[in-house]
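I would like the entire structure built from these sequences, with the hints used as guidance.
Chains W and R, in that order, are what the protein sequence lines are. Those letters in the first sequence? Residues 1 to 374, per this note's numbering, in order. Those letters in the second sequence? Residues 1 to 267, per this note's numbering, in order.
Among these hints, one or two may not hold up.
To be verified - Not close to chain R: a few residues of chain W, all C-beta gaps over 12 Å, as computed:
| # | residue |
| --- | --- |
| 1 | L38 |
| 2 | E117 |
| 3 | A123 |
| 4 | A127 |
| 5 | K147 |
| 6 | I150 |
| 7 | A153 |
| 8 | T274 |
| 9 | L275 |
| 10 | R305 |
| 11 | Q340 |
To be verified - Covered by chain R, according to a simulated footprint, are these stretches of chain W (three or more residues, beta-carbon under 8 Å):
| # | stretch |
| --- | --- |
| 12 | 71 to 84 |
| 13 | 264 to 272 |
Just so you know, these hints were derived from the structure itself, not from any lab. All residues carry an ideal CB built from backbone N, CA and C; glycine is no exception.
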Amino acid sequence: MSALDELTSAYLSAKADPGFQAELAALLRDYAGRPTLLTEVPRFAAEAGGGRVFLKREDLAHTGSHKINNVIGQALLTRRMGKTRVIAETGAGQHGVATATACALLGLDCVVYMGEEDTRRQALNVARMRMLGAEVIPVTTGSRTLKDAINEAFRDWVTTVDTTHYCIGSVMGPHPFPVMVRDFQRVIGLEAREQVQVAAGRLPDAVIACVGGGSNAIGAFHAFIPDDGVRLIGCEAGGDGLATGRHAATLVGGSAGVIHGMRTYLLQDDDGQTLDTHSVSAGLDYPGVGPEHAWLHDTGRASYRAITDAEAMDAFSVLCRTEGIIPAIESAHALAGALQLGPELGSDAVLLVNLSGRGDKDVDIAAQWFGHLG
Amino acid sequence: MSTVSTAFERAGAEGRAALVGYLPAGFPSVPDAIAALTAMAQAGVDIVEIGLPYSDPLMDGPVIQEAARRALAAGTRVSDVLDTVQAVAAAGVPVLVMTYWNPVDHHGVAAFARDLANAGGSGLITPDLTPEEAGPWLEAAAARGLDPVFLVAPSSSAERIKLITAACGGFVYAASVMGTTGARDAVGGQAAGLVRRVREYTKLPVAVGLGVKDPSQAAEVAGFADGVIVGSAFVRRLLDAPDAGAGIAAVRDLAADLAAGVRHPDR
Numbered sequence: 001m002s003a004l005d006e007l008t009s010a011y012l013s014a015k016a017d018p019g020f021q022a023e024l025a026a027l028l029r030d031y032a033g034r035p036t037l038l039t040e041v042p043r044f045a046a047e048a049g050g051g052r053v054f055l056k057r058e059d060l061a062h063t064g065s066h067k068i069n070n071v072i073g074q075a076l077l078t079r080r081m082g083k084t085r086v087i088a089e090t091g092a093g094q095h096g097v098a099t100a101t102a103c104a105l106l107g108l109d110c111v112v113y114m115g116e117e118d119t120r121r122q123a124l125n126v127a128r129m130r131m132l133g134a135e136v137i138p139v140t141t142g143s144r145t146l147k148d149a150i151n152e153a154f155r156d157w158v159t160t161v162d163t164t165h166y167c168i169g170s171v172m173g174p175h176p177f178p179v180m181v182r183d184f185q186r187v188i189g190l191e192a193r194e195q196v197q198v199a200a201g202r203l204p205d206a207v208i209a210c211v212g213g214g215s216n217a218i219g220a221f222h223a224f225i226p227d228d229g230v231r232l233i234g235c236e237a238g239g240d241g242l243a244t245g246r247h248a249a250t251l252v253g254g255s256a257g258v259i260h261g262m263r264t265y266l267l268q269d270d271d272g273q274t275l276d277t278h279s280v281s282a283g284l285d286y287p288g289v290g291p292e293h294a295w296l297h298d299t300g301r302a303s304y305r306a307i308t309d310a311e312a313m314d315a316f317s318v319l320c321r322t323e324g325i326i327p328a329i330e331s332a333h334a335l336a337g338a339l340q341l342g343p344e345l346g347s348d349a350v351l352l353v354n355l356s357g358r359g360d361k362d363v364d365i366a367a368q369w370f371g372h373l374g
Numbered sequence: 001m002s003t004v005s006t007a008f009e010r011a012g013a014e015g016r017a018a019l020v021g022y023l024p025a026g027f028p029s030v031p032d033a034i035a036a037l038t039a040m041a042q043a044g045v046d047i048v049e050i051g052l053p054y055s056d057p058l059m060d061g062p063v064i065q066e067a068a069r070r071a072l073a074a075g076t077r078v079s080d081v082l083d084t085v086q087a088v089a090a091a092g093v094p095v096l097v098m099t100y101w102n103p104v105d106h107h108g109v110a111a112f113a114r115d116l117a118n119a120g121g122s123g124l125i126t127p128d129l130t131p132e133e134a135g136p137w138l139e140a141a142a143a144r145g146l147d148p149v150f151l152v153a154p155s156s157s158a159e160r161i162k163l164i165t166a167a168c169g170g171f172v173y174a175a176s177v178m179g180t181t182g183a184r185d186a187v188g189g190q191a192a193g194l195v196r197r198v199r200e201y202t203k204l205p206v207a208v209g210l211g212v213k214d215p216s217q218a219a220e221v222a223g224f225a226d227g228v229i230v231g232s233a234f235v236r237r238l239l240d241a242p243d244a245g246a247g248i249a250a251v252r253d254l255a256a257d258l259a260a261g262v263r264h265p266d267r
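Shown next as structure tokens:
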């Protein structure tokens, strides 16, 4: 608790400090490449009901995903707290790469915990992290995926808290992480809300994003929460289909409980044991979800749907062929949501899809899926 | 007065620290764990902690993680944990369940308290539950006469020690180091100081856990605490044994050695 209290206090002080905010804004602009583009995708939109579709290009941010927004903020906080070491968990590797990046930038030691299963399916990201100077520790306990990497990071942190900050990659975990990470990610929606009004002359009918832990989604949604006419659509990992039990669709298929220091929804069995999850995308393969999404779900402000592996990969392919953009498989879940929702809303609709990451890291998996490499 | 309080009182009257032993339910099997826990009690453990095996044991080191994994892989359910409580409590020793919060939350806090009390359990040790979140549990505990045991750590501020100890019943669990469960070669240097700070806020017995593995460490802790908690060292005896019978015998031997240790405190 004292580590969390210390972090909360440091975060609130940083939030109110114009110097901190200026330094953060400068790095997001000059290093990360913000503001990111809003790209209209008419050929994709033709497949999605014929309305207008805009992609928020977090794939073009430095390191290839939205994760950079959060890690720069937390790395600056680490330095502000006088700590010299950062640990992180990672699923797909994007948060691990982003954390290693920020640590290289600020001269902090970096250790990333990654499930052994994930080190295999996202091997290129493991290499990237090591090139950036981070130590990558494969986690061999539990199901050897993201939730186990989180467990191991917590076990490290409780022992090293005096020197170490645990840089959580999503809007999950004990307070203050869900709100702090959301605050660092809400730049996505703040920018997009301005950009879409310039481009389309009005607010969108829906903002669509994929949901694993929920950081890119909450970052995209947050600025639009007060806009009652804007639907917020979260697309979860439906894996092999909800009925098979092989999925990671926490809000659609789970129930309320406690995991990783938060009260939220999770996928659990009758005894409250965490269930194993499955998704073709490592970054969505998490049995919990950020508590703010649980709240948006329960209040009805946002709605969530499960997108199967097959639907996601189909959408992946559609974007590649219609717009020449290779999305991250995680983001392809949001694209699949647009392909479903667009026809429902019709040809007058304006959809904003958060393209949370690029798919370079997924070329291997996609190539196997589509049989491109024989 | 609860059976846990009585056990601490009796130890105090005998001029020694109480010995608290931990094993998870269901490892190596439900019946074998019951036999091991009963053997522990017969050999001199004053209070028994029964672990509820959980899929995400954040505060446990590799030894208890492995035992929990095996217990779950063998199909251990919450009902088995309650059966274990019943069997061990029948042997006449106070029994607490040590559990992460979600299984209790999912079962229903009031229902779990009822089932625990009906099984003869004396309380819960809840490492990942803060008093601020414990409203329903504290209410159910009071209604059922169960002891709610929370943890303090070397990093706990004075304010938090005050808050945590005010919510505790039975005893206060003082983690000797900043870390996870697991036997260590030396008792943490922060343990004695933590116990001293805790005693500024409560008259409840303070028991020290994390890392105690042999009689000389037990004697050292007994010199400044009201109770010595041993977990991973017992689990390791079961993990290292060639079969359950040998494991149970090893647990009994360790319990007897530790019981001697707490009767010869370093002062």
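Results of checking the hints against the structure:
1. With a minimum CB-CB distance of about 39 Å to chain R, L38(W) clears the 12 Å threshold, and the non-interface call stands.
2. No Cβ of chain R comes within 12 Å of the Cβ of E117(W); the nearest lies about 16 Å off, and the non-interface call holds.
3. Residue-level check passed: A123(W) sits 26 Å from the nearest beta carbon of chain R, beyond 12 Å.
4. For A127(W), the non-interface assignment is confirmed: its Cβ lies about 28 Å from the closest Cβ of chain R, beyond the 12 Å cut-off.
5. Its closest Cβ contact with chain R, about 6 Å, brings K147(W) to no more than 12 Å, contrary to its assignment away from the interface.
6. At roughly 8 Å, the least C-beta separation between I150(W) and chain R is not larger than 12 Å, which violates its mark as non-interface.
7. Not every beta carbon of chain R lies more than 12 Å from that of A153(W), the smallest distance being close to 10 Å; the non-interface claim is violated.
8. Distance check on T274(W): its Cβ comes as close as 4 Å (rounded) to a Cβ of chain R, failing to clear the 12 Å threshold; non-interface status is violated.
9. Not every C-beta of chain R lies more than 12 Å from that of L275(W), the closest at about 8 Å, which undercuts listing it as non-interface.
10. For R305(W), the non-interface assignment is confirmed: its Cβ lies about 25 Å from the closest Cβ of chain R, beyond the 12 Å cut-off.
11. Every CB of chain R lies more than 12 Å from the CB of Q340(W), the least distance being 32 Å, so the non-interface label holds.
12. Look at the stretch 71 to 84 of chain W against chain R: 0 of its residues bring a Cβ nearer than 8 Å to a Cβ of that chain, fewer than three, so the hint is violated.
13. With a threshold of 8 Å between beta carbons, the proposed coverage of the stretch 264 to 272 of chain W by chain R holds, since 5 of its residues qualify and at least three are required.
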